[in-house]
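Undergrad: Sequence:
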Amino acid sequence: MARADELAITPQSQDFSAWYNEIVQKAELADRGPVRGTMVIRPYGYRIWELLQSELDSRIKATGHQNAYFPLFIPEEYLKREAEHVEGFSPELAVVTHAGGKQLEEPLVVRPTSETVIGEMMSNWIDSYRDLPLKLNQWANVVRWEMRPRLFLRTTEFLWQEGHTAHASEKDAREEVMTALDFYREIADEVALLSPVMGEKTPGERFAGALNTYSLEAMMRDGKALQAATSHYLGTNFSKAFNISYQSKEGDLRYCYTTSWGMSTRLIGAIIMSHGDDRGLILPPKLAPYQVVIVPIHKGPDNTQIKQLAEQFSLDLEASGIRTHVDDREYLSPGFKFNSWEQKGVPLRCEFGERDISKGLVTLHNRLTSEKQLVAIDQLSRAVKEGLHRFGADLYKRAREFRLSNTKYVASKEEFFEALQHGFVIAEHCGNKKCEDDIKEISAATPRCIPFDAEETNGKCIMCGEESPYKKPIIFAKAY
RNA sequence: CGGGAAGUAGCGCAGCUUGGUUAGCGCGCAGCGUUCGGGACGCUGAGGUCGCGGGUUCGAAUCCCGCCUUCCCGACCA
Numbered sequence: 001m002a003r004a005d006e007l008a009i010t011p012q013s014q015d016f017s018a019w020y021n022e023i024v025q026k027a028e029l030a031d032r033g034p035v036r037g038t039m040v041i042r043p044y045g046y047r048i049w050e051l052l053q054s055e056l057d058s059r060i061k062a063t064g065h066q067n068a069y070f071p072l073f074i075p076e077e078y079l080k081r082e083a084e085h086v087e088g089f090s091p092e093l094a095v096v097t098h099a100g101g102k103q104l105e106e107p108l109v110v111r112p113t114s115e116t117v118i119g120e121m122m123s124n125w126i127d128s129y130r131d132l133p134l135k136l137n138q139w140a141n142v143v144r145w146e147m148r149p150r151l152f153l154r155t156t157e158f159l160w161q162e163g164h165t166a167h168a169s170e171k172d173a174r175e176e177v178m179t180a181l182d183f184y185r186e187i188a189d190e191v192a193l194l195s196p197v198m199g200e201k202t203p204g205e206r207f208a209g210a211l212n213t214y215s216l217e218a219m220m221r222d223g224k225a226l227q228a229a230t231s232h233y234l235g236t237n238f239s240k241a242f243n244i245s246y247q248s249k250e251g252d253l254r255y256c257y258t259t260s261w262g263m264s265t266r267l268i269g270a271i272i273m274s275h276g277d278d279r280g281l282i283l284p285p286k287l288a289p290y291q292v293v294i295v296p297i298h299k300g301p302d303n304t305q306i307k308q309l310a311e312q313f314s315l316d317l318e319a320s321g322i323r324t325h326v327d328d329r330e331y332l333s334p335g336f337k338f339n340s341w342e343q344k345g346v347p348l349r350c351e352f353g354e355r356d357i358s359k360g361l362v363t364l365h366n367r368l369t370s371e372k373q374l375v376a377i378d379q380l381s382r383a384v385k386e387g388l389h390r391f392g393a394d395l396y397k398r399a400r401e402f403r404l405s406n407t408k409y410v411a412s413k414e415e416f417f418e419a420l421q422h423g424f425v426i427a428e429h430c431g432n433k434k435c436e437d438d439i440k441e442i443s444a445a446t447p448r449c450i451p452f453d454a455e456e457t458n459g460k461c462i463m464c465g466e467e468s469p470y471k472k473p474i475i476f477a478k479a480y
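Take 1 as the starting number for the first sequence in the working numbering and just add one per residue.
It cannot be assumed that every hint is accurate.
[Claimed, not checked] Subject to a maximum C-alpha distance of 30 Å in a straight line, what follows is the list of computed DSS-like cross-link-like pairs (lysine-lysine):
| # | residue 1 | residue 2 |
| --- | --- | --- |
| 1 | K433 | K240 |
| 2 | K433 | K224 |
| 3 | K434 | K26 |
| 4 | K299 | K286 |
| 5 | K433 | K385 |
| 6 | K80 | K471 |
| 7 | K135 | K61 |
To be clear, the hints were calculated from the coordinates, so they are not data collected in a lab.
In this text, all values refer to a predicted model and were calculated from it rather than measured experimentally.
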């Protein structure tokens, strides 16, 4: 037992940030790369990303989008064509000035996002209203030079998906923005089980170059917010900058209305921090590389029967579509295996030895509740399926209740700053930049979004008493 | 870029103040054996340009100078 201290993780309550870093390492999700701010996604972490990708990709395709790939290098001049866009991104750009052994005549930026190149290409491809809508998506890496990197949350290079679409009318484009937001909501709620808040960003928090930005804001176990995905209505800002125009049925030339939307590997950080506990990671079943891990327990060298049963169970479970792993490493004790798979967040564990088997039973352990349940061998697949289903439902419920119980509506300045210590705060706000900055100065909190589901009000700003332009209270929180 | 700390084995550290033999310890790793129902144990062993460069000295992980890197705290961000 002396070893437990060395092997344990720093408790969340003691140092949430240390807890996070240790989890990422111990669960073998990722590691730091040799260049500051870069991340190596290890196989276990990458598998989570692949599962997330396939869930999202199928929804993107089901709504009529097509995947494509655009170049990593973008002429620096492209970025400059949209004034707000370049202003927003220039501090974090990586710029290539030399290549092929000599200085380049025009520097290239490594894409921080692809509105510009895609806009340029779209302008070549779109001639007529018949070419619209054009609905593209790409899976890619992007680079944003970060001052304070943290694995998955802020790294210099990260992976994401970026959707880019062009439409004939504002109405179509606005619908598209909501379509994207809706499949993100589905991913966040039903796959990642995060129960985020959906809403619109305030002007100060908008994407550089967008007219409207919408987001999903999830609550981490420390009460801080994390943006899980965003969807932007770009109006004609980029089509004017890149001349994305079409000839209408009536024969005149019109600018397209464009959108863009993205979800990144940051979502893995959200999953870690929304669900994890002091024992380690807790993974939503749909994203768990292994949904159940089998730990056979055997004494002495005569263990062939137990080992064969483990293999048999694994085959049966896999045949039922359950991602299963058998941990038959002989040099580790069962206790060590239990702890290490719990650290890695595997939802269910099937353990058994002579004692259970002689009665025709196995033990199922639940990572979330720590409950152990005896299951008849011939009911194993059914029990695991049900167990995973219940696990998912419980995990979602836990995330939702945590968010709700740490969200407070406040009507005064005093209450506002008090409540900001514990989670999301809903309050009336005037929306003035200066006023937002004051809040940030005092509490480190920022406006997260204007939630869709908030009731219309006509209250006065809790800071300065001025009228709210949003006609709704907005959510403030400290954020990642 | 401003403020603080640290670089010695894969990881965590000691040694440095007061220079002096083959640079230690814990974990991990390898081999063998005993174990196995909540982080097992014994024995044996492998593994080091002491961040880099220069200087002082008979001799530098240790003293001096310069540089580099990383981490933590502040301004940006999916």
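Undergrad: Can you give the numbers of the hints that this structure goes against, from lowest to highest?
TA: 3, 4, 5, 6
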